[in-house]
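Trainee: Produce the entire structure from the sequences given, and follow the hints as far as they go.
The chain contents come next:
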Amino acid sequence: MSSAITERIADICDLARLNTELVVMARRRGRQEAEQINEYLRSLEFQRRAEVLEPRVRAELAQGRPILLPEIADALGVPPDIALACWLSQFGATIRDVVMEGK
Amino acid sequence: MLIGSVPLKTLLALTRINRETLKSDRLRGYSVAAFGAARPVVDERCLLVDGIAMLIHNDLSGTLHRRAAAVVVRGFWDKWAEALARIEHKNEPVLFAIGQYSETVWWAGSGLARELPLFVANQPPMQRLLTVNIARHKCNMEQRAEELGIDLSTGLFILPPDDPRFVSWMAEFRRDRERRQEMFDPLHMKPPHSPSARLCKSVEEAACRLQ
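Protein chains in written order, with the working numbering: chain A, 1 to 103; chain B, 1001 to 1211.
Honestly, I wouldn't trust all of these hints.
Unchecked claim - Examples of chain A residues toward chain B, derived with CB under 10 Å:
#  : residue
1  : Ala4
2  : Thr6
3  : Ile9
4  : Ala10
5  : Asp11
6  : Ile12
7  : Glu21
8  : Val24
9  : Ala26
10 : Arg27
11 : Arg28
Since the hints were made in silico from the structure, they are not lab data.
Cβ atoms here follow ideal geometry from the backbone N, Cα and C, with glycine treated the same way.
Mentor: Okay, here's the thing in structure tokens:
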């Protein structure tokens, strides 16, 4: 098998790993923590941080550059799975647009 | 086609594993190879699949202690070998994963990558989940071989999953593991027995030297 085929398989596996990692994060979360996050998502502080980040994220998506999810999550003050599901997704970002580690 | 084998020096170049790291692993009893062994089972040669074992070991060592990572690689050789065989011969995106539910309860397995998120979603929350992208390791070895001018096309990483020899090797390994343990704990589990002479001979017959 050529390395090109193996590379395609490896890319599919990387995507599934990332997806799984986000599922694991969500599964570990207790009800209390989920409620705290919900409350924070409605706060002015979250809105302020989101407004600062939005232009950068839109620009990165428009250029097709992968978004470093932990960095965005940190800037927003939420876990990475929440950052993707509750904020990045509104700009059309999917799991294919994000990475957990910079290259 | 037979399983490809190369000298140790070449395998280290293909995996970019440092000789000193390997030496240290061997001294400490943390070294790994295919067939649940600590060292390559074919005398004076390394199978390409031994390189995959070393890379999985390195990968897991990022999170687990190097000893525990070695125990996983050796103790669950059948699981990751199956993943490798399906990647190589069926072009299936298969991941190898180990998970920890509690201090003493772990699981290890391999399966289609796209099914893993749903599987995890339906399980009790896990303290740890480690996944290994074996295809990535294989791809990296293939790309390094190209760079180094090593032709891997005449040898396999592993036999097809339905090859009778592969099936018999896995069956022998699983029988041995089932005899030794019922619960998996990488911090306390003993490594597998050395492969039998019959198995080593069978592997030797299924391997070829690569130029």
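Trainee: All hints are to be evaluated individually against the structure, with a verdict given for each.
Mentor: Checked hints:
Hint status for alanine 4 (chain A) relative to chain B: holds, with the closest Cβ pair at about 9 Å, below 10 Å. Hint on threonine 6 (chain A) holds. Least Cβ distance to chain B is approximately 4 Å, under the 10 Å limit. Because the smallest distance between the Cβ of isoleucine 9 (chain A) and any Cβ of chain B comes to about 4 Å, under 10 Å, the interface hint for this residue holds. Residue-level restraint check for alanine 10 (chain A) holds (minimum Cβ-Cβ distance to chain B is 4 Å; threshold 10 Å).
With its C-beta approaching chain B no nearer than about 9 Å, aspartate 11 (chain A) sits inside the 10 Å limit, and its interface hint holds. Contact between isoleucine 12 (chain A) and chain B, as hinted, is supported at the beta carbon level, the nearest pair being about 4 Å apart and thus within 10 Å. The interface hint given for glutamate 21 (chain A) is met, as the beta carbon of that residue sits about 8 Å from the closest beta carbon of chain B, less than 10 Å. With 10 Å as the threshold, the beta carbon of valine 24 (chain A) comes within range of chain B, its nearest partner Cβ sitting at about 5 Å, so the hint holds.
Interface hint at alanine 26 (chain A): satisfied, since its Cβ lies 8 Å from the closest Cβ of chain B, which is below the 10 Å cut-off. A least Cβ separation of about 5 Å between arginine 27 (chain A) and chain B falls short of the 10 Å threshold, and the interface hint therefore holds. Restraint check, arginine 28 (chain A) versus chain B: the minimum CB separation of about 5 Å is within 10 Å; hint holds.
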